[in-house]
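Taken in order, these protein sequences are the chains called A and B.
All residue numbers for the first sequence refer to my numbering, where the first residue is 10 and numbers rise by one.
All residue numbers for the second sequence refer to my numbering, where the first residue is 42 and numbers rise by one.
Honestly, the hints are just simulated from the structure, not real lab data.
There may be inaccurate statements among the hints.
[Stated by the list, open to error] Taking lysine-lysine pairs in the BS3-like style, the calculated list, with each CA pair at most 30 Å apart, reads:
#1 Lys83(B) x Lys255(B)
#2 Lys369(B) x Lys26(A)
#3 Lys83(B) x Lys26(A)
#4 Lys369(B) x Lys69(A)
#5 Lys26(A) x Lys108(B)
#6 Lys83(B) x Lys47(A)
#7 Lys26(A) x Lys386(B)
#8 Lys137(B) x Lys84(A)
#9 Lys84(A) x Lys369(B)
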Amino acid sequence: MDEKVIRIDRLSIFGMKTHASLQYPDECCGLMFGQRTKNKTVKIQECVPLNNMEDSLQSKRHFTVSPMSVWSVEKAAGKRGLEIIGIYHSHPDTGAYLSKEDEEKMIPGQIYAVVSVGNEGCREIRMWEKASVDAGIVEHRYEGAL
Amino acid sequence: MKIIISATLRSFFGRRDEIEIKGNTIKDILTGLTDEYPESAKGLYDEDGSLRPFIRIFVNGEDRTGKSSHEEGIPEDAEILLLPLIAGGAPEDERKSIISDERRKAVALDDKEIERYEKHLLLRDIGVKGQKRIKAARVVVIGAGALGSPVIQYLAAAGVGTIKVVDFDMVAISNLGSQVIHGTRDIKRPKAASAKDTIKNINRDTEVIAENIKVDAQTIISVIEGFDLVIDCTDNYKTRYLINDACVLLGIPLVFGAIYQYEGQVSVLAKDKGPCLRCLFPSPPPPGIVPTCAEGGTISPLGGIIGSIQANEALKLIIGIGETLSGKLLSVDTLGLRSNIVKVKRNCSCPVCGDKPAITEVVDFDYEDFCGLKEDDGELPVEGLASEELARRIERKEPLTIVDVREPYERAIRRFPDALVIPIGQLVRRQKELNPEIDTVFICKEGKRSILAINTLREAGYKGVMYNLKGGLDAMRDIIFSNEAGGL
Ligand SMILES: [Zn+2]
Ligand SMILES: [Zn+2]
């Protein structure tokens with residue numbers, strides 16, 4: 010798969026980081042919205058936090074989002090002319106890389122952002138995508154834009 | 042029937058958001074979708090022909106993904122949604138123990154140990170691996186008093202391989218009320234040696250290093266260097282900040298514990314860039330609120346409660362299980378029997394663990410000054426009075442006002458006869474009770490709070506002659522008065 014150019018605005022990065030820190034030591038997750046343009050550029054313009062459905066014991070290590078809540082967020086964003094770009098979630102006290110579970114449950118065509126978060130705050134954000142069911146997982150570089 | 046497709050799954054269906062399918066069951070719909078969009082089969086099903094874990098079918102807001110209801114009829118006007126199940130997780134294997142796998146693998150448990158640690162081995166999250174980590178661990182306990190007593194005994198019982206006990210004090214009879222690691226026969230023995238005997242009695246296999254030294258800026262590094270974990274069981278802020286700074290600088294995690302009267306606190310500090318003591322308490326409590334030069338009283342089991350929590354945190358860190366108190370401060374109030382946990386973040390401008398630390402060496406720091414125990418440079422020096430001199434003046438019945446600035450509960454222990462009692466916090470308000478024409482001597486337990494008292498009054502404009510009893514009441518202990526007048 011060709012590497013995409015991902016441009017993420019600063020507010021969205023800030024939103025993701027804040028969500029990850031507030032939720033720490035639990036895992037957080039949310040959706041990223043924006044626009045896909047023809048020339049392989051993906052713009053991320055909005056991050057929407059979602060509730061983690063996992064119970065308090067599981068929420069330290071796992072996240073699951075209710076499909077109906079994804080649907081309602083998705084519909085609302087659509088009305089603002091934004092399309093879903095992907096999913097972000099945090100890794101409390103662990104690195105920004107995909108876990109085995111992340112890889113297994115990955116939805117093709119969605120960009121997955123992983124926020125590594127610790128006691129001291131956010132450490133790193135990295136993004137991946139599996140373009141189609143039988144494609145490999147590719148890491149995307151991203152740039153923050155104003 | 043109209044199927045509405047989430048944007049996350051549209052790539053399987055030529056980016057269509059709605060698809061009309063003939064039929065009236067989920068089975069019909071799924072067949073219809075793959076007939077119309079053959080490419081979508083790969084997206085919807087895995088190699089075994091089961092729906093992929095991220096596919097969810099909702100009918101009128103109800104999850105109908107489960108195969109059992111695929112053949113049930115669906116009302117004509119139902120809202121049918123094809124939605125994603127978004128899920129994932131963090132890597133499991135990083136809930137890291139402070140003891141590396143290599144060190145764990147380097148130790149073995151013999152049959153005797155397997156028998157001894159049975160209760161640990163029965164716990165799934167400890168097991169043989171966890172017990173080996175405990176055996177490989179090297180822990181320093183600073184202070185073999187009320188907190189150190191349970192900490193040291195539980196760590197020894199749990200099988201910690203190497204325990205270093207550091208304490209410069211001797212066992213006194215007044216220690217036996219709460220320091221349960223020592224017994225009556227240990228009175229006047231070094232606490233470190235007495236603790237060592239108790240450990241050996243619990244567990245002969247424990248390697249014990251007993252150090253009968255005072256922890257200060259010169260000794261602290263050599264005391265803790267090369268150890269996996271430090272447990273602060275000391276009783277004063279000066280030492281606590283010193284231990285904290287050394288742990289941050291050497292990158293050794295620290296289990297902090299403190300007790301006072303009926304309350305205690307526990308936290309895990311300097312762990313994986315977590316906050317340190319200075320992030321938690323940027324400055325020690327103001328003098329006069331907590332006696333800084335006297336050991337406050339505590340209810341006997343308090344050290345047992347708080348120390349046991351410290352030992353438990355230590356074991357969690359060693360085994361690599363549970364949620365530790367890193368980034369959190371636990372407070373326990375044993376009178377109301379309440380506890381609470383507050384989250385604490387690392388302070389990026391913290392002088393030790395911040396982004397641009399000002400403290401880079403333990404030696405360079407003036408703890409006396411930091412703890413408010415030293416006169417400021419700008420202040421006039423305080424006139425000291427030796428205990429012998431005070432005794433002489435009392436014997437000669439010279440006109441003298443003696444002001445005891447200790448807290449009420451401290452005075453109950455050892456009263457100073459004929460002293461005017463004004464706790465430090467009330468001094469300014471009650472300065473009219475002092476006669477500026479008469480020399481006034483201020484006393485406290487160790488002669489440090491009394492310096493503060495004098496400076497406070499001076500600042501408030503008091504003009505009389507003031508002396509500080511050097512060494513405090515502790516120094517008066519050995520003075521023998523020739524008549525009953527002193528009556529100490
Ligand atoms: Zn993950
Ligand atoms: Zn700090």
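Where does the structure disagree with the numbered hints, that is, which hint numbers, in rising order? The structure breaks hints 1, 3, 5, 8, 9; every other hint is satisfied.
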